[in-house]
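**Student:** Spelled out from the first residue to the last, the chains are:
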Amino acid sequence: MTGVGARAWLPKSAFTREAVEGALSEPLQAWAARWFARATLGVARVDFSSEASIAPASNIRLTGSGVEVELTGIGKRHLLEAALDADLSNNVLTGPDRRLLDMFVRNVLEDLVSQFEKTFGPNIENDGNRVIARLALAGHDVLTLHVPEVSLIAVLKRSKHRENSPASTLVRRSAALRHTVLHAYGYLGSTEIGIAELEALGAGDVLVLDRALDENIDLRLTDGGTTFLRGRLCEDAGGYSIQL
Amino acid sequence: MSISTMRPQDTARTERSGDSAKPAAMESHILRGVRVSLDAQLGNASLAVEELMALKAGSIVTLQTGLADPVGIFLNDTLIARGEIVAVGDKYAVRILEVASPP
Numbered sequence: 001m002t003g004v005g006a007r008a009w010l011p012k013s014a015f016t017r018e019a020v021e022g023a024l025s026e027p028l029q030a031w032a033a034r035w036f037a038r039a040t041l042g043v044a045r046v047d048f049s050s051e052a053s054i055a056p057a058s059n060i061r062l063t064g065s066g067v068e069v070e071l072t073g074i075g076k077r078h079l080l081e082a083a084l085d086a087d088l089s090n091n092v093l094t095g096p097d098r099r100l101l102d103m104f105v106r107n108v109l110e111d112l113v114s115q116f117e118k119t120f121g122p123n124i125e126n127d128g129n130r131v132i133a134r135l136a137l138a139g140h141d142v143l144t145l146h147v148p149e150v151s152l153i154a155v156l157k158r159s160k161h162r163e164n165s166p167a168s169t170l171v172r173r174s175a176a177l178r179h180t181v182l183h184a185y186g187y188l189g190s191t192e193i194g195i196a197e198l199e200a201l202g203a204g205d206v207l208v209l210d211r212a213l214d215e216n217i218d219l220r221l222t223d224g225g226t227t228f229l230r231g232r233l234c235e236d237a238g239g240y241s242i243q244l
Numbered sequence: 001m002s003i004s005t006m007r008p009q010d011t012a013r014t015e016r017s018g019d020s021a022k023p024a025a026m027e028s029h030i031l032r033g034v035r036v037s038l039d040a041q042l043g044n045a046s047l048a049v050e051e052l053m054a055l056k057a058g059s060i061v062t063l064q065t066g067l068a069d070p071v072g073i074f075l076n077d078t079l080i081a082r083g084e085i086v087a088v089g090d091k092y093a094v095r096i097l098e099v100a101s102p103p
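Going line by line, the protein sequences match chains A and B. At position 210 of the first sequence the residue is numbered 210 (my numbering), and the sequence of numbers has no breaks. At position 71 of the second sequence the residue is numbered 71 (my numbering), and the sequence of numbers has no breaks.
Isolated chain B (complex conformation) (with noise of 0.2 Å):
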């Protein structure tokens, strides 16, 4: 929007809303067509440098998460959201349970 055709009730508007409101806009525009990664991790395990020396082929590795707990959703290092696993044809996919609110 120029200013040559901002009318009384955009100023009125913008001034409202802040300084958020165009640049929010502009990102949500600009970003649409980005792309990006979602890992999907599943329970945690600690185990001491000696136990991971004497691992074999064959040997188990309890992961601290039980069935029915959820699994993490993370983007960038950031838990996103939380879903149970599923498969859809061969493949691992999850379905989500929650996701976190916007801020």
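For reference, chain A alone in the conformation it holds in the complex (with noise of 0.2 Å):
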């Protein structure tokens, strides 16, 4: 059973600021790992979007994966300050000072995207629907990820359904079967004969069968008429029984 055309949906309830820190934390975790050794990392806020973010020439954009990262300013400094764990805001900088930590701000951002393709899989597709979350490192908002709300659903759903269905409630299906009574005839045999001897056939007629005496019998599914075991007849005092 496939769903044609169907396309995932979540209403815009499930995307909580904690469902969404759980769905992005798997690539969000390892980039804080990698780049920031003491400040804590997480969403403070989310939002959503359908148009494309309109950023300050000043900011710094990197997309990968459909999801789009932003930094402000402001957000640059204390991302800066989260790596290097250093307090900035009294350091004068010079024009070369900048630019070699606007490369490793870049380098830092670069990974962050990279981390989502490793989550997300390169090509992402875009159905126009963003979230927006708003990092925090170290207490400070820090920068802006646009994701694809498809991105999101497939992971809200995963988890959703871990939720709801623990693997323990559910039964296997050949399990669910165990139980289902099947009915059964046995099967002596048939015979061939004309209308005519039918149409005369009465009492005391006898009508020979195709199977031999030491030849097995078949038993058969009522519904359907299968054969599914062949055995030896067998008498007793209760009845007949069919010997595989």
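No wet-lab data here; the hints were simulated from the structure. Keep in mind it's a predicted model, so treat the numbers as computed, not measured. Check each hint, because a few of them may be wrong.
Said to hold, decoys possible - Footprint (simulated), chain A over chain B, 3 or more residues, beta carbon under 8 Å: (1) 33-46; (2) 55-62; (3) 65-73; (4) 93-101.
To be verified - Label pairs and their computed distance ranges (CB to CB): (5) LEU75/B with THR226/A: 11 to 21 Å; (6) ASN44/B with SER174/A: 21 to 31 Å; (7) SER174/A with ALA57/B: 17 to 27 Å; (8) LYS157/A with SER37/B: 51 to 61 Å; (9) ASP236/A with GLU51/B: 18 to 28 Å; (10) GLY22/A with ASN44/B: 54 to 64 Å; (11) LEU244/A with VAL36/B: 26 to 36 Å; (12) ARG173/A with ARG95/B: 38 to 48 Å; (13) VAL36/B with LEU182/A: 24 to 34 Å; (14) ALA57/B with GLY22/A: 53 to 63 Å; (15) LYS157/A with ALA57/B: 41 to 51 Å; (16) GLU84/B with LEU182/A: 23 to 33 Å.
What the hints assert, rightly or not - Over the 12 Å line for every Cβ pair with chain B, so calculated as not near, a few chain A residues: (17) ALA6; (18) ARG17; (19) LEU80; (20) GLY95; (21) ASN107; (22) GLY121; (23) ALA136; (24) HIS140; (25) ALA154.
We put the beta carbon where it would ideally sit given N, CA and C, even for glycine.
Take the two lone chains and join them into the complex the hints point to.
**Tutor:** Structure, rendered in structure tokens:
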């Protein structure tokens, strides 16, 4: 059974901050573990948008795997402070310093995009609906992620499914069939006669069947007539039985 | 029988016996050479799928029928007669005990 033209969908209420954070945790935690020794990373806020963001020219933007990463000027400073584990507010930065740090920040963000590509794959079909997750590092809003809704729906549905139907409550189809009762009959044999003989058939007539006495007889399903086992006809005080 | 050779008494007989008389005779004539297959069925058994899966060579499936119970003779899955198992030479056979009465 396959859905034709079906599109994954979840109501907006399913995209809680906790749910989105959980769905993004794999790439985000891998990224944070690589670049930030002490700072804690989390999703501070979740919004929605169906339009492309318009970022000021000063922002850094990177795209990959359908995810768009946007870093503002103040976010860049917080990110650097978290990565370098230092306070930059009192430092005077020269032009070459800034260029070097910008290159470093780009590397950090490229790694974030690369982590998303590992999780979501390189070519996510973007249907225009986006979830905007604002990431906080050490308590400061640092950057904004525009994630295609479809990427998150797949992950959220998987986790929802695991919550709602733990494997222990499911029964395998073969196990569910175990108690199904099959009705069968013993098939002794058959014979062919003409219509005229059939019309004349009466008590005392003998129909000779096509089975020899030493031949096995069939056990057939009442529904469909399929032979599912053959055996020797046995008699005892209780009646007839078939020994396989 | 053509219309030109039909006599008044024939017409009266046809009317009395209804429309079925002529077709029945025709059917009987047409079907005389047709052969049909009769199946002999001996008792029933009910078993769960798990019992079925557990069967192996030597297992015994008991049929819900006594030794004195008759065998059913089926024509196209319809019971038309009952009989008892006998042997004719080295073959199984069924001696008819009762036949369903004609309609």
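**Student:** Hints broken by the structure, by number, lowest first?
**Tutor:** none
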